[in-house]
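Undergrad: Chain by chain, the residues run as shown.
Protein chains: 2
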Amino acid sequence: MTEYTLIGKNVPQVDGRAKITGGARFTDDLKLEGLLCGKLLRSPHAHARILDIDTSRAKKLKGVRAVITGHDTARVKYGIFTFTKDQYFLPTDKVRYIGEEVAAVAAVDEEVAEEALDLIRVEYETLPAVFDPEEAMRPGAPRIHDQVDPLVDEFIKYNVGVYGKREYGDVEEGFKQSDCVRRESFRTQSVNHLTLEPYGIVARYDTYANKVEVWCPNQAPFQKMRALANLLELPLNQVIIRKVAIGGAFGGRSETFPADLAACLLSKLTMRPVKIRLNREETFLLRQKHPVIIDVGLGVKRDGTIMAIDIKFTADGGAYISTGPIATGFPFTIVEAIYRTPNIRYESFEVYTNRPVCGAMRGHGGQQMAYAMDSMLDTVAEEIGMDPVDIRLKNAMKGGERLPSDSYVRSCGFAECIEKAGDRIGWREKHGKRNFRGVGMGCAPMISGFNMGFRTGSSAFIKFNEDAEATLITGLIDCGQGNETMAVQIASEILGIPMGNIRIICADTELTPSDPGNYAMSSTFVSGNAVKAAAEDARRQILEIAANRLEISPGDLELKEGRVRVKGDPEKGMSIKEAIRDGFRSRPVMGRGYYMPNLDLQTGWVTGKLTGQRTGAYTFGAVTAEVEVDPETGTVRVLKAVGAQDVGFALNPMAVEGQNEGSLSLGQGQALYEKIYWDRGLMLNPNFLDYQPPLATDMPVMETVIVEPIDQDGPFGAKEATETTNIAIVPAILNAIYDATGVRIRELPATPEKILEGIQQKKRREDG
Amino acid sequence: MTEYTLIGKNVPQVDGRAKITGGARFTDDLKLEGLLCGKLLRSPHAHARILDIDTSRAKKLKGVRAVITGHDTARVKYGIFTFTKDQYFLPTDKVRYIGEEVAAVAAVDEEVAEEALDLIRVEYETLPAVFDPEEAMRPGAPRIHDQVDPLVDEFIKYNVGVYGKREYGDVEEGFKQSDCVRRESFRTQSVNHLTLEPYGIVARYDTYANKVEVWCPNQAPFQKMRALANLLELPLNQVIIRKVAIGGAFGGRSETFPADLAACLLSKLTMRPVKIRLNREETFLLRQKHPVIIDVGLGVKRDGTIMAIDIKFTADGGAYISTGPIATGFPFTIVEAIYRTPNIRYESFEVYTNRPVCGAMRGHGGQQMAYAMDSMLDTVAEEIGMDPVDIRLKNAMKGGERLPSDSYVRSCGFAECIEKAGDRIGWREKHGKRNFRGVGMGCAPMISGFNMGFRTGSSAFIKFNEDAEATLITGLIDCGQGNETMAVQIASEILGIPMGNIRIICADTELTPSDPGNYAMSSTFVSGNAVKAAAEDARRQILEIAANRLEISPGDLELKEGRVRVKGDPEKGMSIKEAIRDGFRSRPVMGRGYYMPNLDLQTGWVTGKLTGQRTGAYTFGAVTAEVEVDPETGTVRVLKAVGAQDVGFALNPMAVEGQNEGSLSLGQGQALYEKIYWDRGLMLNPNFLDYQPPLATDMPVMETVIVEPIDQDGPFGAKEATETTNIAIVPAILNAIYDATGVRIRELPATPEKILEGIQQKKRREDG
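Protein chains in written order, with my numbering: chain A, 991 to 1758; chain B, 991 to 1758.
Since the hints were made in silico from the structure, they are not lab data. It cannot be assumed that every hint is accurate.
Copies of the same chain are indistinguishable here, so a pair counts whether it falls within one copy or spans any two.
[To be verified] Okay, derived cross-link-like pairs now, DMTMM-like style, lysine to aspartate or glutamate, Cα gap no bigger than 25 Å in a straight line:
id	residue 1	residue 2
1	LYS1233	GLU1023
2	LYS1201	ASP1457
3	LYS1384	ASP1018
4	LYS1567	ASP1498
5	LYS1384	ASP1669
6	LYS1201	ASP1019
7	LYS1752	GLU1372
8	LYS1155	ASP1703
9	LYS1201	GLU1223
10	LYS999	GLU1526
11	LYS1302	ASP1680
12	LYS1291	GLU1743
13	LYS1233	ASP1196
14	LYS1075	GLU1456
15	LYS1384	GLU1500
16	LYS1201	ASP1018
17	LYS1067	GLU1456
18	LYS1049	ASP1293
19	LYS1201	GLU1023
20	LYS1155	GLU1144
21	LYS1067	GLU1459
22	LYS1049	ASP1083
23	LYS1665	GLU1651
24	LYS1201	GLU1456
25	LYS1752	ASP1396
26	LYS999	GLU1647
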């Protein structure tokens, strides 16, 4: 393997110091001159026609600077795809969930803004509402939207916003050839991202120049630029998304929200910057993970060979589609990429209900799917008397395989992940004891960069000053996972200068070149590759300058430790500083780079053809968990969790480990504790105390296993890191509970009540 | 000539709207959170030893956050060349002029800061001082500096900071061959730049990251970065000069000042941003134009051929060298480049006196030199009975000539300038009447980009968004003359997209690539060429993308009116937007460009060899003025002024005209009205009222003649615009006064008193 200076080494985060010292500026830290406080008025009804909105009293209140409703907007519908534009921000026709934004005010302070909200009179006519996707799909259920898109119009009368169906092979034939076929149904709950930072936005509209600057936690500044430009009817150049420190995202910061539009419009009207700061309850309202119902049919031969999979995936999307096509389309990728399956049928429904909108959250439907899939696999394995690890190894995807949809798997360390995750938990000794202590395994694949319709690659510039310090300018964004560090580390390795001598400018739509954003696991693979290309371009120029001076071929030179050295004769050469200065006298070193994964851009997720290369690379992971269940209370304690992932190559093992531990704890929360409780569309527990995420004391001993098959296209072989383990930990825990108790929980979270009920039922069955 | 869409057309300033509406943010508009007020304590003595500085009482004052003296600095000497580092900002040994900075405070507001200054006790021992350069050079004069550089050490005992001598040909032999030899001495006064914006600086030191951001009016952010990094002992990347709107510069904003260092250090100590805002009096103290004594010897043949020039140029530099090597070296370029002269001797002295520091101001010694030179030329012309226009035409530099110093003149429209300036003023009818109305001519050459030791070219990036709007990222800086407009106009022309669709990011050392700065007339020639190169690079990529799609050679395509068109078949093609979007799916368009004029980098101004190419291009100008002199009072009224310049090609004629009118008014002020009056080193009139710059009502009818020989290296043929006319207007007015009255004024300004005295003397001579 190549000898790297920095790559593959533990490197601290470049923004760590600022975050620790309080120097990092988050959105709420921005105190612009003349800043006004913006607030949103929300619907108290789950479904109601808006008859009238009277803002006159609010407008007259001293200290109020502007009040807006949907009538003040450009009446452009929001949606992330052209065929999913189903939402007016600040609607004027009707409201579709409790908490939907109907008006906004800007005032000199928070107290005045809140008083102004109280003075706005909205006259509603309440309508029948529906809160359950299965009920919503029944004939006669209240209809939430009239029409979204002709493509799906036949479904809209049943409140189905997105429908998808794909079949590869012959599923019925596959079941016939199976020795064991099981069908079961699984349900997952509403959960929230729980970003430590509540959502907020600061907008400064320059009314004369007709442009707006925006600061907010977001995962894709260039996407937000496009969405806001569309909503505000501005050219793209006139919407500037600025960089700001971000306190967590997890998918929940990828979209554009009514607060965003409201802040921009309020700033435009008042000619002053406006901050809208959502409280925790409002932040909960922004987006949740889709609660889903998954009906799985699985057929296997006696030797464990999977013959057919039949899935019906029904997601409660809430009042608007949002990322529905992805949330219901992406789980298919989990199914086709995890275990070799000749026959697959996959049917999906994104259903409208009168609940707040669901959207992207880590795994984006994949976690729900893997929970159902890997639970089923354990069930059939038990039926045919096969060890769960063995059935996984038998069917596990390998490198060089082509998926049913014709997408190709290149690097793949899946089997090694399964084996090591098993070994580290002591699988062979511990599995199958049924003594209220058990081990379970879950698996998942993931993507690195993904095609969903129009999509750009990532691009980067690098410039230098005469002291050979570099500035890396890239559209990449860091939401806390370490992307900036990754980028600087890559540039540092390629350029042979210390990380401390590289400044990074990123995530600003005006100052930096385009980047797809921080989703679909593309930051390392796509943005990292773009940074690498820019650094290599700069290195090429440095070597050429030095080669000219040293009268030697550039190929005989290398950049190491701040010097351009003659390969094999490291004493000979010149400092990089000399080369850079030389450049300034002739042609300065200016790097540029771009990367776009080799995707089949004709392939779509809902429209377009359904086959073709969809991702730059696949990753694979296996998680094992050991649990102890209290037979008296049903309480589960996770003792240990091992997250093993094929990350291609770990650029920064310490960062991979940190990400893995975050993944495991996030999945553990969703497996065991977290759930939003509802009363007819009203959230009952939108706060940390009542929502009950896992505490530090709930955390198991965690181990990280890094598997490194080196991907040929990844930067230094790297792919995404540990998105699989946040998915796979869920079935791992559920399978461990089954191993401990013989109880199969088919509805998340696996609360003590459900487990105790299962234990008692089982006891009654065995007793009876 | 090529048909351009925008180039050569009148284009309004891109930042005009912001400036008119109050949207432009100048340094004093910056209201950062927690901003402290900084103030400077200044010496009341022209020359004194500092025995002690006691800041203890000031530090104890409520509201004072920090007090610093030179002991708190890194004790690094300032100077713009390595051999001119003669100044400690905040000195601790002695003060050398009235107003020199000895301490600084930061406090919560201006009142507290001023009170704190009063509480600082400085104990001085006054020393004998000297205020006149000729006195300062006499043995026994008070010695102001001990040693600056071994190179010039033999001169330092006579208070000479910079000495230069160069001789080409044989001057004595030249005089022998002349039919008429005259020697005269000329003196110029102290004048100030009179920027409408007083100087100020805001510094925000991030103590944790050990980096500092700086906002201040400046002409060369990358120079200021280097100077501050040196003074603060920081890496270059840790000093960030930000862009801010600038209210005039004229050379007076090219350096780094004690206020800059003080603001940075005060911010570092207080961990809060600090603003130091100089008042008008303090702004006067920053820099003045060098007052000079020029002894000229000029020998001509009877036919007007110039045979020899002998010059002794003595500049009062004030207490520190500053730009002394340029101020005393550059005038030589004026002499050698204006009239063909086989034999030149040029000796120069920059002399220390106990006055505030002199530095760059428009023309940088050239205006003073041209005043003397062109006054002398009229004198010898009269002696040999030749018309001033004819003697200029006879000796005027032509294109294709090589100067004595071996620098080459390429494009040259000098003769055309002389002829047209003469014609437009009605020279042949009006000259030589001696009836208190007269016409005069002055001439000057100028440079476009210049080598003064280590110097970078300019560089630029261009990026796009999918709507084919572009962002131009360049280090270029605009001090009000329209450089941003020039850059956007060039990019727009090359890319075929409207100027309104191009955003410019400039003059920020962190965000933009390197640029030499706004001096030596390099913005259009150097920075403009870099922008052009970047735009051409982007255009090449756009054409390649379109050529691929259209299956045609890129050479058969052109960019016009937002489309890539097939040459000769403009209906065929595609929109630029389509091409840009195509690029995002394969390789996005990312332009980069660089320009460095073809200079002999071994050639220096003081050190190094004295011959070689010094500038990318020479410009030439001629100014004619018509004046009326009141014989009773000596008052001069300028009736008309014609500024004719070879600008290569006028990219934006409206901007050239605006610059020319500014140039003429600036020169007129210096010829007739402006002067700083002194009382032993104390400025007596540092304010607009007492300094008496020309008023709008003093302005003559002004005409601009644009001569366009098209320079082969300039962007679209362009060179610098109208720096010659600000120089040439001075001798034009003085020669016109002579033509009107027969009075030769050899000391500027030509006040009514001097003219009246001349008229009376002449009358006495004629009468007697």
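Undergrad: Which hints from the list above does the structure break, by number from lowest to highest?
TA: 3, 5, 8, 11, 12, 15, 18, 25
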